[in-house]
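Working from the sequences, and respecting the hints, build out all of it.
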Amino acid sequence: MRHLMSPMDFTVQELDTLFDLASSIEKNPAKYAHACDGKILATCFYEPSTRTRLSFESAMLRLGGQVLGFSDASSSSASKGESVSDTIRVISGYADICAMRHPKEGAPMVAAEKSDIPVINAGDGGHHHPTQTLTDLLTIRSLKGHIENFTIGLCGDLKFGRTVHSLIKALVRYPGIRFVFISPEELRVPDYITDMLKANDIPYEEVIRLENVMPELDFLYMTRVQRERFFNEEDYVRLKDFYILDTAKMELAKKDMLVLHPLPRVNEISVEVDEDPRAAYFKQAKYGVYVRMALILTLLNITV
Amino acid sequence: MLNVGKIEEGFVLDHIKAGKSLSIYEHLQLDKLDCTVAIIKNAKSNKLGKKDILKVECDIDMLDLDVLAFIDHNITVNVIKNGEIVAKKDLVLPKQIKNVIKCRNPRCITSIEQELPHIFVLADEKKELYRCKYCEEKYTETAKSL
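From first to last, the protein sequence lines are chains A and B.
Heads up: the first sequence at position 261 corresponds to 260 in the numbering used here, and the numbers run straight through without jumps.
Take the position in the second sequence, starting the count at 1, then add 7; the result is the number in the numbering used here.
Source of the hints: derived by calculation from the structure; they are not laboratory data.
Please read all numbers here as calculations on a predicted model, not as lab measurements.
Even for Gly, the Cβ is constructed at its ideal location relative to N, Cα and C.
Some hints here could point you the wrong way.
[Claimed, not checked] Partial list, computed: chain A residues near chain B (C-beta under 7 Å):
hint: 1; residue: N27
hint: 2; residue: A29
hint: 3; residue: V83
hint: 4; residue: E104
hint: 5; residue: G105
hint: 6; residue: M108
hint: 7; residue: G124
As structure tokens, then:
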């Protein structure tokens, strides 16, 4: 039995197979509409995350399966003090596969160790969010046809943004990738990431001004400055408006550059950019469903 | 010069960094063993200048070499039988250590999950870097041991 804890759990070849399946689902959804008939997905969300939870539920429902679960800790037995280990043992009897989000880092791994059913990490604190990384990779591959030889700009909160860290680690495995990190000094990418890039001879640069690098980029991955990662409200307020992508900045970009964002956005991408054909973030959310469908099928060993 | 007598059967841990012997005593849980233990602090050493030595009279199987290697893999382990050194054991950094050190990351699941062991995994052998199995936070010397 296999689980998904980190985006690095799959090899590049396994990811290719997963993305092929996701693309097949996208092209021919009817073929997969009953693939999970009689199967149940449990969504155990110990902290609210509407988007990720709905994406998982949509994925299972589109495969013909059913869903049950809870959407915050107060409506689960965790509020009565039940451990993650006990909860997953019980859930194993109720469902065939489980997607778990938890504010504590490593909680889904504890669940996986005790579980009789596959467990998917749907986000554990500031640690991993592997299905977001799979979504990002599938979006790049689907919209460009491959995942190599790109200059990828990552902009905003590169210090606390787990989606950014996971995406960088995953992209390092593909040839010809160059990174441009665009952030204020306080939110620079952590040393362990730049150390890893240096060790693997992966080219990167760190800049503060987004305008200066716009013409070089094949992808611009925007991120939200998250209030919950700051201990100090003053710092949050000062940094949240540091980057706002608008049509003026988009004019500096290549004609085929694509803008990605894990969503939700606050104000870092101006609404006027939504009409630009290069704005790919809503398509990206849709790919999130396809990749989760492919993942559920893969972990349940269901072939169609 | 202080003299401590020979032991018949057991082990002698030599070349312990001066001042570290008590910490090793605790980590090996020697206080729980019913055997003779000699702790020698600040003995003269050609190699280190000063060193600590631990002599323990007990069954050699009772020694957890993994824990010892994690604390300091430069320690020399002499196995004693019939009053003679019969073997010197090499210490290799363990791939995993369990309940020796505690994860200090307040966001880690180990901070709330009942009876969950604290497991650290060797992430970088060259840098002797260990990370928590669950949250991947790296272990630093300032983190307090269990």
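Hint by hint, here is what the structure shows:
1. At its closest, the beta carbon of N27 of chain A sits 39 Å from a beta carbon of chain B; the interface hint therefore is violated under the 7 Å criterion.
2. Checking A29 of chain A against chain B by beta carbon gives a least distance of about 41 Å; that is not within 7 Å, so the hint is violated.
3. The beta carbon of V83 of chain A is positioned within 7 Å of a beta carbon in chain B (closest approach about 6 Å), and the interface hint is therefore held.
4. For the restraint placing E104 of chain A at the interface with chain B, the shortest Cβ-Cβ distance is roughly 4 Å, inside the 7 Å limit, so the hint holds.
5. Of the supplied interface hints, the one on G105 of chain A holds, with its beta-carbon coming within about 3 Å of a beta-carbon of chain B, less than 7 Å.
6. Of the supplied interface hints, the one on M108 of chain A holds, with its beta-carbon coming within about 5 Å of a beta-carbon of chain B, less than 7 Å.
7. Against a cut-off of 7 Å between C-beta atoms, the interface hint on G124 of chain A holds, since the closest Cβ of chain B lies about 5 Å away.
Checked against the numbered hints above, the structure violates hints 1, 2; every other hint is satisfied.
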